[in-house]
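Protein chains: 2
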Amino acid sequence: MMKKRLFTPGPISVPEEVLLEMAKPIIHHRTPEFLEIAQKVVENLKYFFQTKNDVFIIAGSGTAAMEAAVVNVLSPGEKAIVISGGKFGERFVEIVKAYGCIPFVIEPGWGNDVDIAIVEQTLKQNPDIKAVYGTLVETSTATAYNIKGLGKLISDFPETIFVVDGISGLGAVECRTDDWNIDILVSGSQKALSLPPGLSFISVSEKAWRKIASSKLPKYYLDLKKYKKAMEKFDFPFTMAVSLVIGLNKSLEIIKQKGLENLWKIHRKRALATRKAAEAMGLKIFSKSPADAVTAIILPEGIDGEKFCSDLRKEFGMSVAGGQDRLKGKVIRISHFGWQDEFDTISVVAAIEIMLNKYNFRVELGNGVKEAMKVLFGN
Amino acid sequence: MMKKRLFTPGPISVPEEVLLEMAKPIIHHRTPEFLEIAQKVVENLKYFFQTKNDVFIIAGSGTAAMEAAVVNVLSPGEKAIVISGGKFGERFVEIVKAYGCIPFVIEPGWGNDVDIAIVEQTLKQNPDIKAVYGTLVETSTATAYNIKGLGKLISDFPETIFVVDGISGLGAVECRTDDWNIDILVSGSQKALSLPPGLSFISVSEKAWRKIASSKLPKYYLDLKKYKKAMEKFDFPFTMAVSLVIGLNKSLEIIKQKGLENLWKIHRKRALATRKAAEAMGLKIFSKSPADAVTAIILPEGIDGEKFCSDLRKEFGMSVAGGQDRLKGKVIRISHFGWQDEFDTISVVAAIEIMLNKYNFRVELGNGVKEAMKVLFGN
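Top to bottom, those sequences are chains B and G.
Using this note's numbering, the first residue of the first sequence is number 1448, and each one after it goes up by one.
Using this note's numbering, the first residue of the second sequence is number 1448, and each one after it goes up by one.
One or more hints might be untrue.
Quick list of in silico lysine-lysine cross-link-like pairs, DSBU-like style, CA-CA up to 35 Å [as the list claims (entries may be wrong)]:
| # | chain 1 | residue 1 | chain 2 | residue 2 |
| --- | --- | --- | --- | --- |
| 1 | G | LYS1471 | B | LYS1723 |
| 2 | B | LYS1805 | G | LYS1471 |
| 3 | B | LYS1777 | G | LYS1731 |
| 4 | G | LYS1471 | B | LYS1450 |
| 5 | G | LYS1731 | B | LYS1754 |
| 6 | B | LYS1731 | G | LYS1599 |
| 7 | B | LYS1777 | G | LYS1821 |
| 8 | G | LYS1761 | B | LYS1471 |
| 9 | B | LYS1493 | G | LYS1731 |
| 10 | G | LYS1712 | B | LYS1723 |
| 11 | B | LYS1703 | G | LYS1821 |
| 12 | G | LYS1723 | B | LYS1821 |
| 13 | B | LYS1716 | G | LYS1723 |
| 14 | G | LYS1450 | B | LYS1723 |
Which chain G residues stay away from chain B? Per the calculated CB distances, all over 12 Å, these [what the hints assert, rightly or not]:
| # | residue |
| --- | --- |
| 15 | LYS1450 |
| 16 | ILE1565 |
| 17 | LYS1731 |
Stretches of chain B that chain G covers, calculated by requiring three or more beta carbons in the stretch to come under 8 Å of a beta carbon on chain G [what the hints assert, rightly or not]:
| # | segment |
| --- | --- |
| 18 | 1448-1460 |
| 19 | 1594-1603 |
| 20 | 1796-1802 |
Honestly, the hints are just simulated from the structure, not real lab data.
Don't be surprised by glycine CBs; every beta carbon is placed ideally from N, CA and C.
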């Protein structure tokens, strides 16, 4: 038996206060008691989303909300830009295709931010593009995108809505739904909210509702009009995951108390500390536009990243993520969000140093930790 | 809300496996189900004590078992040596006095091991000494005593038994009840066993039973003869703390799986790492015979140790202990036992470095951590 520490980019550890809340006896989802909690949760979700738009909770993981952001918006044969810089950008492409719509895929290349001029040009050349799908933080490459810039651009196109996958980023990095003109933002429970997986969230602007009104794709469980109708009474169209929502209530209270701006700062420090530590170990990070939610470190040539991750878990009880797809075996990804603190950052950096030495990549023990400590606690 | 990390020399964090075990519905203490657990627990406690002697569980904290080791052994007016090198040695003196017995107090001085020659001389000059009371690890000074040497000495005195307070040390440092001729060893749940406080344990040798047979001090709840009679059926004379015993069962299983010798080695590494880190910060440790269960670091002149501890708790959620009595405000004490690992040691060292800087005692961030990492993970 050993201590377990999660640094995977979701799920992440759940604070004991939230665990205890979720361990209370189950209540029924159509009781005034539960609907009162739901009302509070939705209000606090609006703070979390930085929006006055509608926000809905779906009992389903982030992909469910991504799918909702397609099937409620488009109609068969309609066109949408998808900015795809990694596995989760690709997921939007797959969903759009699965419903017989036409994706215009803009690929900035893995690890690169999007070139807004290309998006602008594509929009201008194709006035029938109904939506632009973007990603706040691409988990697979640990890359942040200029969502603010994209939102500003797209707001000039009255017939095009802006949809953002904020699953891995929301709460960890700055994101302002209303100020940045994000029409639909989706997120999930198992990232910066530090809840177990199982819930996803979706915000919908007035502009998006107009699009939804005319959408002709088939849908039932993910039909946002059903959610909107139920929400008039702070209710849900289908059985809601009661204990997760009760945990969410606690989690959002904690976040509100800390303040979103403070959270963004904390994540930035943890991310920066990890990057500086990697540098001190002689390693490079993968992304050219690194996100503060998660860091992808390129492993030295010859080290099998899958085995490296597995050894970290077996020897130290520490879970970090490996690479996906073309990065498989080449990087490790360390999340900075959720229920972790500065000493966890120090611990994971220490573990990587030790493991690198075990793999005969010589690193002076403590050099990375020292740099991390300076960022985290120096003046 | 912040993460909490306990480095107090008891209580210490409880592993989740044990917490979950204790969270199961309460069962009655006179059921075959519970007595079966009790039987397993007593067998494994004998391994933990390294003894074939009787071992009993008392629902009460360590002091209850210390008192049992006096009231079952002595008679009014009888003499006993008490080796008192700190607060817990003093406690034996107080208990012996409280029952009208006569303590011969041997004081090695706080932080020093006992001089066995003095004990030998006292025993030879006073053939009517019925017992010698010693301490395995004196928590207040973080000092280890030569229990093996004392046991060897006392075994030559057929009318004198050797009683050891092993509350803070057992499981953390080497201690072999039978091989070392310890007639009565007491311990508690909230130290190396990583349980909540509430249980204490006491082992009794044949030699001690002979003493117990003639003891005339008043007792009821702590009457070991009652415990012995009940134990014939693996039962208890009074209502037992059911959930704690169920947790103990799990905790002992974990310890048995790891192996005591391994545990001793692990504690030695954590203690050594902490001492080396303190040295790298320019600090000294208090004890001249430092224990591997807990380390007392002398704070720089001018730093208020009480405030320092309180700030560590408030700013980093880290609990270490301050000094007691004459060491109040002058030292901090960091435990190495129980549910903590190498990364916890690194974390507490990092926190002390950071806090020292906040107190304007300049330490280069990471220097202590580096030394600790070398001890913990270097070759």
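Here's how the hints hold up against the structure:
1. For the hint linking G/LYS1471 to B/LYS1723, the alpha-carbon distance of about 45 Å lies beyond 35 Å, and the restraint is violated.
2. Taking the CA atoms of B/LYS1805 and G/LYS1471, the gap is about 41 Å. The hint is violated against a cut of 35 Å.
3. Taking the CA atoms of B/LYS1777 and G/LYS1731, the gap is near 44 Å; set against the 35 Å cutoff, the hint is violated.
4. Proximity of G/LYS1471 to B/LYS1450 is assessed by CA-CA distance (about 22 Å); at most 35 Å being required, the pair is judged to hold.
5. Proposed proximity of G/LYS1731 and B/LYS1754 is contradicted: the alpha carbons are some 41 Å apart, above 35 Å.
6. Our distance criterion of 35 Å between C-alpha atoms is broken by B/LYS1731 and G/LYS1599, whose separation comes to about 60 Å.
7. The straight-line distance between the Cα atoms of B/LYS1777 and G/LYS1821 is roughly 28 Å, inside the 35 Å bound, and the hint therefore holds.
8. Straight-line distance between C-alpha atoms of G/LYS1761 and B/LYS1471 comes to about 28 Å, which keeps the hinted pair within the 35 Å bound.
9. Our distance criterion of 35 Å between C-alpha atoms is broken by B/LYS1493 and G/LYS1731, whose separation comes to about 53 Å.
10. Distance restraint check for G/LYS1712 and B/LYS1723: the Cα-Cα separation of roughly 34 Å lies within the 35 Å cut-off, and the hinted pair is therefore satisfied.
11. Of the supplied pair hints, the one linking B/LYS1703 and G/LYS1821 is violated, its CA atoms being roughly 41 Å apart against a limit of 35 Å.
12. Taken as a hint, the G/LYS1723 and B/LYS1821 pair is honoured in the structure, with Cα atoms around 21 Å apart against an allowance of 35 Å.
13. Our distance criterion of 35 Å between C-alpha atoms is met by B/LYS1716 and G/LYS1723, whose separation comes to about 28 Å.
14. Distance check on the hinted pair: G/LYS1450 and B/LYS1723 sit about 24 Å apart at the alpha-carbon level, within 35 Å; holds.
15. Not every CB of chain B is more than 12 Å from the CB of G/LYS1450 (nearest about 5 Å), against its label as outside the interface.
16. Look at G/ILE1565: its CB is around 43 Å from the nearest CB on chain B, clear of 12 Å, so calling it non-interface holds up.
17. Interface exclusion of G/LYS1731 from chain B stands, the closest Cβ pair being 22 Å apart, more than 12 Å.
18. With 4 residues having a Cβ less than 8 Å from any Cβ of chain G, the segment 1448-1460 of chain B passes the three-residue criterion, so the hint holds.
19. With 0 residues having a beta carbon nearer than 8 Å to a beta carbon of chain G, the segment 1594-1603 of chain B misses the requirement of three or more and the stated coverage is violated.
20. Here the segment 1796-1802 of chain B counts 4 residues with a CB under 8 Å from a CB of chain G, which clears the bar of 3, and the coverage holds.
Hints 1, 2, 3, 5, 6, 9, 11, 15 and 19, counting from the list given before, are not met by this structure.
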